[in-house]
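Residue numbers (the working numbering), protein chains in the order written: chain A, 5 to 351; chain B, 15 to 277; chain C, 41 to 326.
Do not take every clue at face value.
[What the hints assert, rightly or not] Calculated cross-link-like contacts (lysine-lysine; reagent style DSS-like; alpha-carbon spacing at most 25 Å):
#: 1; chain 1: A; residue 1: 266; chain 2: A; residue 2: 76
#: 2; chain 1: A; residue 1: 106; chain 2: A; residue 2: 157
#: 3; chain 1: B; residue 1: 110; chain 2: A; residue 2: 271
#: 4; chain 1: A; residue 1: 266; chain 2: A; residue 2: 327
#: 5; chain 1: A; residue 1: 271; chain 2: A; residue 2: 76
#: 6; chain 1: A; residue 1: 76; chain 2: B; residue 2: 110
#: 7; chain 1: A; residue 1: 206; chain 2: A; residue 2: 106
#: 8; chain 1: A; residue 1: 327; chain 2: A; residue 2: 106
#: 9; chain 1: A; residue 1: 247; chain 2: A; residue 2: 157
#: 10; chain 1: C; residue 1: 106; chain 2: A; residue 2: 327
#: 11; chain 1: B; residue 1: 141; chain 2: A; residue 2: 266
#: 12; chain 1: A; residue 1: 247; chain 2: A; residue 2: 327
[Unchecked claim] Label pairs and their computed distance ranges (CB to CB):
#: 13; chain 1: A; residue 1: 309; chain 2: C; residue 2: 184; range: 36 to 44 Å
#: 14; chain 1: B; residue 1: 187; chain 2: C; residue 2: 316; range: 51 to 59 Å
#: 15; chain 1: A; residue 1: 207; chain 2: C; residue 2: 48; range: 24 to 32 Å
#: 16; chain 1: C; residue 1: 83; chain 2: A; residue 2: 323; range: 47 to 55 Å
#: 17; chain 1: B; residue 1: 78; chain 2: A; residue 2: 253; range: 25 to 33 Å
#: 18; chain 1: A; residue 1: 105; chain 2: C; residue 2: 102; range: 35 to 43 Å
#: 19; chain 1: A; residue 1: 204; chain 2: C; residue 2: 304; range: 49 to 57 Å
#: 20; chain 1: C; residue 1: 234; chain 2: B; residue 2: 107; range: 39 to 47 Å
#: 21; chain 1: A; residue 1: 241; chain 2: C; residue 2: 173; range: 40 to 48 Å
#: 22; chain 1: C; residue 1: 301; chain 2: B; residue 2: 107; range: 43 to 51 Å
#: 23; chain 1: C; residue 1: 184; chain 2: B; residue 2: 51; range: 20 to 28 Å
#: 24; chain 1: B; residue 1: 51; chain 2: A; residue 2: 105; range: 42 to 50 Å
#: 25; chain 1: C; residue 1: 306; chain 2: A; residue 2: 323; range: 54 to 62 Å
[Said to hold, decoys possible] Here are some, though not all, of the chain B residues that point toward chain C, as calculated from beta-carbon distances under 10 Å:
#: 26; residue: 17
#: 27; residue: 27
#: 28; residue: 35
#: 29; residue: 59
#: 30; residue: 61
#: 31; residue: 62
#: 32; residue: 68
#: 33; residue: 85
#: 34; residue: 102
#: 35; residue: 114
#: 36; residue: 115
#: 37; residue: 119
#: 38; residue: 122
#: 39; residue: 158
Hints are computed from structural coordinates only; laboratory data are not their basis. Since the model is a prediction, treat every value here as computed from it, not as a measurement. The beta-carbon is built from N, C-alpha and C at its ideal position, and this holds for glycine as well.
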Amino acid sequence: MKRYQLHCSIWMTATLTAFGMPALAEPLTVSNWDGYMAADAIDSFNAETGHTAELVLHATNEEIMGKLIASKGVGYDVVFVSSPFAEVLHNLGLTEDLDHEKIPNIANLYAEATELPHDPGNAFSVPYAWGTTGLCYRSDLVDTPTSWNDLLKPAEDVSGKTTMLATDRWLLAAGQLALGYSVNETDSEKMAEVRDLLIDAKGTLLAYDDTTFYAKLVSGEAELVQAWDGWCNYGIGENADIKYTIPSEGSDLWVDTMVILKASGNKEAAYDFVNYILDAENHRWAAENILYKVPNEPAMSGVDASLIETFPNMGMSPEEMLKFEQLRDVGGAQRDYSRLVSEIKAN
Amino acid sequence: MAERHIFRLMLLILGVVFAFLYIPISVLVGLSFNDGGLPTAWTGFSTRWYGALLTNDDILKAAGNTLVVALFSTALSTVLGTLLAIGVEIRRRNGKWLETIIFAPMIIPDIVLAIALLSFFSLLGVKMGLHTIIVSHVVFNLAFVCAVVRARLKNFDWSIVEASGDLGASTFTTLRRVVVPVLMPAIIAGALLAFTLSVDEFIIAFFTAGAGRSSITLPMQIFAMIRFGVTPEINALATLVMAVSVVALALSQRLNKGELPGQ
Amino acid sequence: MSADRRPLLLMTPAMIWLFGLMVVPCALILVLAFFRRGLYGGIEYTWTLENLALVFDPLYFQIFLKSAGIAGLSAAIACVLGYAAAYAIAAMPRRHQPMLLFFAVLPFWSNYLVRTYAWIVLLNREGLIVNLARWVGYEGELPQMLYSEQAVVIGLVYNYLPFVILSCYAPLSRLNPEVNEASRDLGASAWTTFRRVTLPMTVPGIATGFVFVFVLSIGNFVTPALLGGGQFQMIGNLVYAQFLTANDWPFGAALSMVLIAVMLGLLMGQAVMADRASGGKGARDG
């Protein structure tokens with residue numbers, strides 16, 4: 005009998021949890037990558053503004069894009085995605101046209117960050133962090149790399165100890181840059197060259213990896229890897245022999261952005277949230293703790309000088325970064341890119 | 015005696031297979047006690063990750079949600095899948111279309127089912143949450159349960175069912191008293207399989223969950239945290255989940271006075 | 041019983057479920073295979089067979105063959121190990137059997153990613169196995185175990201082994217000890233009894249287990265990325281990439297449609313063969 009009651013109560017509790025009573029007001033739902041903003045950012049935002057916000061996490065741009073497109077963005081209010089993905093969301097009509105009046109702190113952005121090619125004038129996206137993609141390496145184990153070819157055609161003793169990013173666009177970018185092409189190149193002959201170069205490079209790789217490459221450097225499993233500057237900093241933090249460099253052929257300029265969704269039922273709160281993040285103090289926290297450059301002038305000028313000494317790429321100026329081309333949505337050529345990557349991986 | 019040799023051989027097989035199953039698990043348990051954050055170096059014994067875990071509401075909530083999803087989807091799919099299997103095997107002559115529909119949940123790529131369900135739910139304006147994950151997990155789970163039960167039914171002696179019917183028992187009684195007890199080991203195997211699949215399922219859960227925090231499951235949480243590799247905290251959680259399962263089993267053994275259902 | 045409608049009644053709840061939550065939603069997505077991808081990844085509603093034509097490309101056939109090979113190998117290994125384990129469990133005293141089954145699936149309640157990372161810790165070049173080998177005095181070159189097809193096979197066998205154990209246990213658990221005894225009384229050796237009596241009766245369980253591992257492996261996209269170092273694509277990765285990376289739903293739908301058709305063909309063939317092998321027909325005519 006007792007057992008029966010126990011079972012019943014477990015099931016009832018479970019039922020209630022599963023089908024739960026719907027909350028009266030929907031909280032502001034923000035989706036971001038893990039560890040990409042202060043752990044207490046949501047709480048202090050709630051305390052400061054009186055809104056109820058909650059944070060959910062996505063592992064990759066691709067994942068959250070699939071969900072936003074299939075659900076037409078319903079349920080989400082503010083989403084952090086990289087700029088080519090923000091562009092797609094905008095082109096599909098899912099993003100809110102931003103009213104700058106409601107984001108006074110947008111004035112904190114560097115002038116360069118308000119004229120980014122993917123969204124001049126910040127019509128639908130606000131840059132949150134930006135940087136470059138280059139080579140991260142163990143300076144105690146390999147010679148200083150100077151060219152993308154040092155990665156793609158590695159010296160014999162480095163062969164088998166390199167990794168490349170696994171995400172299509174960045175994987176292709178290494179080949180495009182090495183051959184002196186645009187990172188948005190779509191000409192099929194040039195891209196066939198890129199493919200052949202990358203197929204040859206694949207034979208010398210340890211792995212494609214865009215999450216734990218810095219840990220591989222720390223353990224010595226890898227010695228030279230293609231990396232986003234911010235993630236290389238995580239490696240530098242663990243081992244001072246790890247260094248970051250941009251090859252002579254250049255880099256891309258990546259920008260992670262915040263967008264507000266058109267379907268949002270919490271637009272006022274969403275604007276307040278974007279504004280809150282752009283606050284000089286809050287945005288500076290992000291720079292100092294996630295070790296990514298932020299496009300916020302007062303925030304960056306407040307960053308501790310010793311931090312820039314340890315992580316030299318943090319000191320790169322917007323002007324220097326703007327020399328590089330942004331990855332753009334390539335529209336119809338996306339299908340060709342995807343096929344190229346399949347060809348590379350099938351070989 | 016040959017009997018004894020065979021028994022020893024069986025023990026040896028069990029030993030080898032269980033060693034294979036538990037070697038990575040012992041690594042995982044070991045790492046959960048590693049003081050340092052990186053899996054590459056042992057920096058000393060510590061229980062601090064367990065402490066960190068117990069104050070991490072996000073992870074604990076996600077673990078709770080996962081349990082709810084797995085329990086409900088297992089219960090539903092075990093019932094539906096078993097009934098389906100019995101029906102299909104009694105009918106014998108099943109058309110290709112019927113077989114197709116029964117096999118399909120296993121072979122439709124996860125991502126297709128995930129996107130299809132999300133598009134469908136949003137088309138209908140269904141409010142999403144744990145309940146949408148549960149009903150979605152039942153779709154593939156019931157196919158797996160059905161397959162396991164059917165494997166058991168292939169050599170089933172239907173004459174006992176007819177005998178029971180001849181003795182005047184209703185279909186329901188026949189099912190409950192005759193068929194289900196014989197099938198019990200297969201049903202338990204099917205339920206364990208469904209639970210295991212559901213506990214670990216990520217992509218369909220991610221797409222059919224509501225947007226907010228309230229319906230995040232553990233695999234969703236862990237996938238999102240993978241940016242920084244697997245932290246000892248997650249290893250600690252995996253260790254705790256297994257430890258709690260063992261305790262739960264021991265308790266249920268006691269409640270059932272040492273007898274598990276299906277005997 | 042087979043003549044009346046009662047079996048249909050038993051099937052109805054599951055059929056409604058599958059129709060409403062699988063057939064209809066998937067049809068809505070798969071039909072996109074006949075439309076065009078818009079410039080930005082939306083759908084242009086003009087009919088075309090272009091997407092389907094693109095699927096029949098040697099590149100995708102090659103990827104399919106490769107994943108089918110890896111999935112098939114994993115399934116075969118898992119079946120051997122899983123069947124042996126299930127047989128051994130069924131040979132243990134009856135009261136211990138549920139507990140052994142429980143301990144066979146317990147590791148798989150941890151988390152897929154966590155287990156996969158544990159394998160990385162074991163197999164990598166600076167990993168536990170290498171260090172252990174060095175510690176016992178092995179000086180030679182060790183092969184790169186991680187980021188290879190072998191590592192993917194290990195990962196797939198490992199993660200799907202319990203499903204084989206469960207599906208093989210179901211038919212083994214009911215094997216009547218008397219049948220074995222009778223067979224042995226007739227002078228058959230243990231091996232002959234196994235081969236002539238036990239194995240045929242449990243073929244459906246092995247076939248089911250094989251199908252489980254095969255379909256789960258071919259659709260897997262995490263293990264190839266982590267243990268295979270992303271250096272080859274399984275069909276699962278390919279479909280995933282069309283929908284999520286390339287945002288190309290029409291092509292993803294076309295690929296999936298062909299994949300589902302091929303797999304169904306294989307499964308139907310398998311079901312017929314398993315049915316024959318187990319001699320199921322005779323047992324069911326009655």
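Which of the listed hints are not met by the structure? 2, 3, 4, 6, 7, 8, 10, 14, 15, 16, 17, 18, 19, 20, 21, 22, 29, 30, 31, 32, 33
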